[in-house]
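**Q** Chain by chain, the residues run as shown.
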Amino acid sequence: GTGAGSSPAADGKAAPRRGGQFRALFTGGGEQETIDPHAEALAIDMARTKALFDRLVDLDAGMAPVPRLAQKWEANADATLWRFTLREALFHDGKKLTPEDVLFSFGRILDPKATNHFAQSLLSVIDLKKSRGVGKNTVEVALKRPSAELPALLGTLGTAIVSARYSDPAKPVGTGAFRLKSFQAGRSFVAERFDDHWDGGAYVDELRILSADADARGNALRGGEAEYGYEMTPTFARTAAADKSVRIVAAKGSTAHAIVMKCDQEPFDNPDVTLAFKLLADREKLVEVVLAGQGVVGNDMFGKGYQYYPEDIPQRKRDVAEARSLLRKAGVLNKTLSIYTSSVATGFVEAATLFAEQAADAGLRIKVTTGSSETYFKDQLTKGVMGSHRSGAMTIPTYLNDRLLTKSAFNASGWRRKDFDAAFAKAQSTTDEGERTRLYGDLQRTVHDEGGLLMWGHPDWLNAVSSRVRGVEEAPPNTLDSARFDKVWLV
Amino acid sequence: MRGYALQRLALGAVQLALLTVLVFLLTSLLPGDAADVRNNEDATPEQVAALREQLRLDRPALERFTDWAQGVLTGDLGTSLVSGGPVLDILAESAGITLVLAAVTLVVVVPLAVLLGIVSGLREGGRLDRSVTSVTLALNAVPDFVLALLLVAGLSLQLGWLPATWVGVGAADLLGQPALLVLPVGVVAARMICLLSRQVRAGMVTVLKAEYVTQARRLGVPRRTLLLRHVLPNAAVPGIQELARVGDNLVGGVLIVEAVFAIPGVATALVRAVEARDVPTVQGLALVVAAAALLFSLAADLVCHRLVPRTEVLR
Amino acid sequence: MTSKTPSQTPLVTVRGLTARAGDTMLLDAVGFDLYEGRVTALVGPSGSGKTTAALALLGECGAGVRLSGRVEAGSVRVVDGDGITKEAAGGLRGRLVAYMPQHPGSALNPARRTGAVLAELARLHHPADPARALAAEALRAAQLPAGRDTERRFPHQFSGGQRQRVALAQTLVCRPRVLVLDEPSTGLDTVTRMRLAGELAALARTGLAILLLSHDHDLVRALADHVVVLRHGRVTAQGAPADALPARRRVTAVRHTPTAPDGRPPVLDVQDLSAHLHSRGRGPVLHGVGLQLPAGACVGVAGLSGSGKTTLARCVAGLHERHVGQVLLDGTPLPVLRRRSPEQKRRVQYVWQEVRSSFDERRPVAEQVARTAVRLRGLDAGEARREALDLLGRLGLDAGTVERRPGGLSGGELQRAALARAVLAAPDVLVCDEITTALDTGATAAVLAELARLRDQHGTALLWVSHDLELLAAVAHHIVVIDGGHVVETGTPEQILDAPRATLTRQLVRAMDLGTALTATDLATAPSVSGA
Amino acid sequence: MKRVNLPAAPVGVALLALPLGVALLGPWFAGPARPGVFAPYAGSGGPHLLGTDGLGRDVLDLLLHGGRSALGMALGAVAVAYLVGGAVGLLAASARRRWADELLIRPLDVLLPLPTLLVISVVAVGWRGSPVAIALAVAAVNVPPVARLVRAAALDAASGPVTEALRVQGESRSRIQLDHVARSVLSPVAADIGTRITLAVFLVGSANFLGLGLDPTAPDWAVSISRSREALLLQPWAVLAPAAMLVMFTVGLNLLADSLLARTRRTQEAVR
Ligand SMILES: Nc1ncnc2c1ncn2[C@@H]1O[C@H](COP(=O)(O)OP(=O)(O)OP(=O)(O)O)[C@@H](O)[C@H]1O
Ligand SMILES: Nc1ncnc2c1ncn2[C@@H]1O[C@H](COP(=O)(O)OP(=O)(O)OP(=O)(O)O)[C@@H](O)[C@H]1O
Ligand SMILES: [Mg+2]
Ligand SMILES: [Mg+2]
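Line by line, the protein sequences give chains R, X, Z and S.
With positions in the first sequence counted from 1, the corresponding number in the numbering used here is that position plus 2.
Once you know that position 18 of the second sequence is 17 in the numbering used here, the rest is easy, because the numbers rise by one and skip nothing.
With positions in the third sequence counted from 1, the corresponding number in the numbering used here is that position plus 17.
With positions in the fourth sequence counted from 1, the corresponding number in the numbering used here is that position plus 9.
To be clear, the hints were calculated from the coordinates, so they are not data collected in a lab.
Nothing here was measured: the structure is a model prediction, and the numbers come from that model.
Hints should not be assumed to be uniformly reliable.
[As the list claims (entries may be wrong)] In silico EDC-like cross-links for lysine to aspartate or glutamate, where the CA-CA straight-line distance does not exceed 20 Å:
no., chain 1, residue 1, chain 2, residue 2
1, R, Lys306, R, Asp38
2, R, Lys115, X, Asp35
3, R, Lys385, X, Asp35
Required output: the full structure, derived from the provided sequences and hints.
**A** Structure representation (structure tokens):
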């Protein structure tokens, strides 16, 4: 059955069993794939990193930090110095985890010569020179400026802890639950269970992480050629409902789909216009059609269900009349606007087309322009006044930092406000959690009211498993339990 | 004939050289470069620029091309802009699988097509001919992608008789699991058999009416000898020429099959490299595919010339 | 010839053979017998049913043709009242009756080497004998040199006359009891024809029954014991050649002599012309040929088959581009055809040896012929057509015939149409390449008359390529003999015919009259393959 | 020579007529086929004769809209290929000088081994979703073979005695080219054109199927097949209906081409 997931109740009765081979399928990246944990970029890379390495901290389903290699952590009053207590863990080469390994990992991530370490900008707050190991199991991390978000930052992309003896990416030395047997970019990855894992180790003997397109993932699962498929389509979910051999494990509303309006350009420099557009969207319809009903409607803010999300802001509803009057006031009723999209992500073109139809109800003409998918994320910043936008799962502060600050590299909605930047900096350095939550909430409210994000929906995150598989948790991508294979077993 | 073959080979070398220039120009027409494509939305412009420098894409196009060309002359196909490894590795991996697929397909296609063509050509207008012709005609009209979809849905997913994909399969596993080959080869072969057998049939029909066949029959040459020695060599010529022509279609059909069955072959690698703007890989793959096509058509021409020496191979 | 009496029962009996195609009767109750050791000839004008009758012996007929009557070969009943019998297919073809078709060029498989096919046929019909020896014997009998060089060649590597003989060798190697030869002498020079005739006579002496289909009455006279004359599908006469065939008439024609007094420069002057087949002088065909053609005169070109006559003609017509040396028209060099001015094109016209392929099969013949007058003489379409029809009529082709497409005309008719196409240009030089090979005497006379008229009206000079020395002697004022691309002798017809100097000329002349030549022995030298 | 003949030509015309008619006239009879109007993947029957697709569009409407691009691009591509390749081939064959011929045909020879796949993927990646670009790419890969075919046929005709005779008669080059050579070229071209259109339809279809062609919401038969392939068991009509259109088109085309060819062959034989 669909959606039911593998809640502990469903398969909790049977005790986990050891043994077997587990084949997991992901969208491949060809030669682009890597097992350098700090250069990871694709979901398939992250799944492999997760198998071979651990982080100090990881994120739970609500994007809140949970301890991994770091047992606990504490900050000084102004959040400029953090102390992480390490747990006893063994690397694959049999050596113990030490503070030096952690500092080495940070140093590797922040190596200015490495162009593809994406955590570099996030972790640039760390002052490596002043950070040091204390004793056998404590690391003191000094920051260049206050940040209350350090633990969450350490749970993001490209932050795995490697051994200080790690030099050749082809010979990974990690603490993960699996040990590498072979890897070929774009083709195959084979790892075996690491019996001395600190968390008790995995159940399956061998893990294979393979690349396959969406179609092939579905066919292979149904044909019994794989046990796990990551990121399945809604159509597959519908087909799977009738098929006893596969089961969908869905995390409700995990990522985000949006149409962005560039607030620094005509006519969206007028907040009335952006508001009118937000009022025009028929979100239920968009979710029903574009996401095939497998998702929840959005409220023009990122991070529904995550830590710091302001649940109290009422859901925006469609109001064509109000939108029309706003548009008339702004004088953009009979303009033709173009929306720049591409098929880089499923649903982009569909959502753009459908929204264009909906906007037509208010007498707006929107032209959909489809661009090159490979360079879309670069082109979208410069082309068109509107665009398609999606976001994977990340913490709300990360989202704000990466997408909505003046300095953000990928500020898709052209949202650049000095006061917003300042308020964000203040929230980030606020150590009191309640206060911080309030401050983030205010920032989100501003975006909701005036920003250029028409975040209409949050698709469910659909993974599929063969009916032989147990122990797969519902989890948004980029969280600890997503694509995590040390807790799965086969019956 | 040897002189002709050498001349063609020399011409082929020139063609390939020009082709690489063309491929380079084509790929440089594409929007963005490998640095743009390799970075996702989280990369800063500085990172992209740094990557571009690291990949040495900031040099002028001419310099990049001559560098690459010099490498090729010394047997070095260059390094992939994406993996950083030698293009040769990518090529060896993907070409192995495609080669197996293509070879098996040919082994299936050629005898079957020739047989069908002969049988229906011999009975032109008869019931057998009409049924064979109708079937090949209809099958020929089903697009590869539709055929592949239907076969997978029916034989693999519904009935579970055959594997639906090649997920996780390497070239070495193929020999152990011939079942893997059935559907992909079936899809590629179906249309080739149709095209070829129709050509062979047409050749048979024409040759059977030729004066020299009539004369051989008048001189009492028995049916079997007539067919094998007098008719077939002449009748095979259009078929072989068609085979040379479908070589390219073969690669096209293979792409569909590779996509549907998740086969990591040359076609997939090529499309992926284009998408990633991995120019050295695109050029290396295009070079090899084109060279294979050239050799294939040269071989076909030589065989035709051997069968019927009068065939005008050169102008 | 020696008139043997039918000593034994006939090997092949044909009685009441009738062939119908729809309502038309192609053959009407034809009957004749073939005996061992005897040559029977089937003669008659073109289209009289010779080929149809011969094919019936093999149990074969064209599409849409129905046979009836009685044909028995050996003990096999080939045709009966209901048409072709079932037995006809087995044992008969090749072993009992072997047939050499009328157009042997297309009867050779382009993909097979000569020797391989011969050996295959030999093994097939005579498994006990050594195949190679049989093949060599057949080649020799067909006037081709036996040996690796010939056996390894593909058909396209022979000249037209040689291909004809390869086809003959294939027929002979089967060693049948009945040999059916359909026009074996077309396109052969007198020497080769003579040698072939000798060989056939020898074969008949070994006990073969031969059915000879030919319009070459000289050959028939020389070989046949019995002649059957067909006309419109009916046997109109039979008997010994002397009785059945019309009396031999000498060719009468006006000799084309120069219209201008001697000393005037010739209208066409070929100087030191060498031609080759491939680029950079490879495959030489002609070597330093020179000849002069005064206005109103006719120069005949003779020589063995494959000696380069057509190549010479094509050089003059500007069609053969690979040559060195000069062709002068009134003292000015003639370029190759594509660089000739319309006036130059008009002044030099050419008639093809293989006429059928020079016509567009999709358009009516009359229309194609008339275009010459439109393009080269500037007449309007109606006038050109009238003139063309007039001319064609004088050549014996009525309007109904020439309104058909080329496919609907017989070889002889097309040959005349091709001549008309060239004559309409009123040229100063007309190059004729074997333009009478498919014509009977009446048609030949019409052609000669028309050419005489052309000379009188326009002073046209002729360059006439032919194997028929008698005809050449009648028309030409000068004859050039070519051997292997060299001019070996030139002179007036009298000099050539009465006092030939070159060996080749002597042979050609002596072979003219088959009757006497066959008894002479000094001509039976070994055959050779030239060219290719 | 008696032969029981399947009425291939009428059957071919009938099969061809439906997809062509749909392609030409379909859009005038169809609803707008906008996304989101109906429920996705509704089964056939009820208000939707053929059900709906994944975006909630009526499959019948899609079908009526989808022929224009599916067939138009292919037919346009073949037309362009023949215009360009045919012209080059005729010119090359009629070139007075060998080097002119070489100059025209050799560059195309260079293009000949260029993998079709590469051209299509480059064009598709570079000019995503543009029907004209895709049609031009398909045309481009077809130009060299067409040029060679036409040149070979024209050379055959241009070097024969018929042409020589026409030249001796003083016919102009253009008349020889147009009247004689071009007409002799027609029959191999007719034989080729059926196969070439089929291949072009498939090539365009493959590109669209692989996502290298039109954008994924375009109402195109191949795009529809690709979009709905996952739902083959859920809503088979969304895949089978457009597939049937393509199959009918190619079967009809081939039947028609075959019977026309057979007819010309028969008349030619009769003429001979
Ligand atoms: N298949 C056929 N259908 C109808 N008429 C035919 C067919 N074959 C031959 N004819 C006609 O039958 C007649 C006899 O033809 P045949 O070939 O036997 O003549 P021939 O005496 O051999 O002539 P030639 O000397 O030109 O070779 C001709 O008028 C010819 O047009
Ligand atoms: N296309 C060709 N390929 C090979 N050899 C050729 C070709 N054309 C002509 N030849 C050779 O050139 C020589 C001269 O040929 P040409 O046609 O001029 O002879 P001809 O004297 O007219 O013979 P015929 O009396 O048989 O017409 C022949 O030996 C022939 O074998
Ligand atoms: Mg005849
Ligand atoms: Mg000649």
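**Q** All hints are to be evaluated individually against the structure, with a verdict given for each.
**A** Structure-based check of each hint:
1. Of the supplied pair hints, the one linking lysine 306/R and aspartate 38/R is violated, its CA atoms being roughly 31 Å apart against a limit of 20 Å.
2. In summary, the hint linking lysine 115/R to aspartate 35/X is supported, as the alpha carbons are separated by about 18 Å, within the 20 Å threshold.
3. Proximity of lysine 385/R to aspartate 35/X is assessed by CA-CA distance (about 15 Å); at most 20 Å being required, the pair is judged to hold.
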